[in-house]
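Please build the complex by placing chain V on the supplied structure of chain A, with the hints as guidance.
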Amino acid sequence: MRRVAVTGMGAVSPFGRGVTTLTSGLVEGRSAIKVLAELKEYGGMRTRLAALVPGVDGKEIPRGKRRSMSKQSIFAVLAAREALAQAALSETEYGSGRYGVVVGTTISSLETSESFFADHFRDKSFSRMKTSLFFKTMNHSAAANVAHFFGLEGRLLAPAAACATGCQALGYAYEMIVSGVQDVMVCGGTEEFHPLSAATFDLMNAASFRYNDRPELASRPFDRERDGVVCGEGAGVLVLEDWQSAKERGAEILAEISGFATLTETGSIAEPSSAAMQRCMVLALADAGVEARSINYINAHATATKKGDIAEAQALFGLFGDQIPVSSLKGHLGHTLAACGGLETIATIEMMRRGELIPTRNLNDIDPRCQGPRIFTAIEKQTTSLALKNNFALGGVNCSLVIRAVH
Amino acid sequence: MTDAEIISLVNDSLIEEFELESSVMVLEAEIFADLGLDSLDIVDMVVVLEGALGIKIRDDAGLREIRTLGDIHQFILQKKRETEAAS
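Chains A and V, in that order, are what the protein sequence lines are. Going by my numbering, 181 is the number at position 181 of the first sequence; the sequence numbering is gapless. Going by my numbering, 19 is the number at position 19 of the second sequence; the sequence numbering is gapless.
Bound conformation, chain A alone (with noise of 0.2 Å):
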């Protein structure tokens, strides 16, 4: 069986463009998060926030391939042209039929749907249609667009598990290397914000309006004073690559892909499920070969929901005990959806190069339902050789993967 290496990483994120800003944004411990004021706009939705993209308006990509671009697949793009700028992988080969693209998103582009229908809806005609309507909405557009911009000839997936999208992406495209059909990957989440995300977390009572006059304070993971979810965008990409074959042309590697695990929980389709998240994480430890304590950090998912938070609070302490530090980036970048896999294993990547683990923002008193695993709250400089990384959606998916470090 195949090794799987890190050979690029490349992030579009709240914080702006590029691996180093998301990380210093993290490690500063900087908030994203603002109040977007044209949900003001909005009926029937309480929530103000939200974490923008700043200064991205894809114009650098030539026109011609950007008219099938809509925002996320100008996120993913971008953020695919700095993972694959890392991993300085020879360009004759991207045609090769061995190099392929695993890009989700939660949902096509609202933002062109919306500017469609609401032109369409006048006299239900389609004759101010224009052809890339359908290349900026059809579900793999992200994924297409980032094959097409490059010229990877390989497999074309685009999954779509909502909050699970960017992790599973990064699942499927290990196992691809894995299993030997594919020799690398570009693989991650991406989204674009739209008022529709944010309103449909709020409609399930999951999303953060408390704190709408203090935006930074919103979004608080595992605390006893968090209201739910601050919705976000951003993409991160990540190029993975047969192990062996990275060795062999020099390539630095950042990390490994050693495990992975996603499965589904039909008991609700909304409700998150504590057991289920458990057996995920056994089946991506059993994949990697480790032991529960072996693991040194686990990022978590934790989107600061209620329900959500409690249940892989327990989760985890279940299977980890109380002395494994554990942490959740939403606090700083509210929840980017189908892209926090990506870049949220990007972050855990850079922590354990870096050797400190960023603690989860705003985490100021714990809830005592969330008590048990050791979620800290300090920057915390520490050797870590392998860690765990949790994504849950909406759906009943559970998704983990095991990142070992490369010292």
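Hint data in this document are derived by calculation from the structure and do not stem from the laboratory. Take the hints with a grain of salt, since some may be wrong.
To be verified - One side only, chain A facing chain V, incomplete, derived with CB under 10 Å: (1) Pro-62; (2) Arg-67; (3) Ser-68; (4) Ala-85; (5) Arg-128; (6) Met-129; (7) Ser-132.
Using N, Cα and C, we set each Cβ at its ideal position, and we do this for glycine too.
The following block gives chain V in isolation, referenced to the frame of chain A:
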């Protein structure tokens, strides 16, 4: 609208839609080689020009003869005259 105004409107519409530089908007500019458009763009060009000028050209066989920007101008001017004559 005068012919000059129509040509100006056509050029402005194409510049905006396809992010073209004004300097490439010369009569002999070939729409594929010089303006960098492709078959999908041509479909969108029709939509844009129909919207800008309030005419219907999608099913006009003359579209297939267009090679240059000058051809577009002549095609549109001819179409406009036909439309005005019919009304």
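Now the hints, each set against the structure:
1. Pro-62: holds (9 Å)
2. Arg-67: OK, holds: Arg-67 (chain A) within 10 Å of chain V, min 8 Å.
3. Ser-68: holds (9 Å)
4. Ala-85: Constraint on Ala-85 (chain A) not satisfied, violated at 25 Å.
5. Arg-128: Holds - the Cβ of Arg-128 (chain A) comes within 10 Å of chain V, reaching about 6 Å at its closest.
6. Met-129: Nearest chain V Cβ about 7 Å off; hint holds.
7. Ser-132: Because about 7 Å separates Ser-132 (chain A) from the closest Cβ in chain V, which is inside the 10 Å limit, the hint holds.
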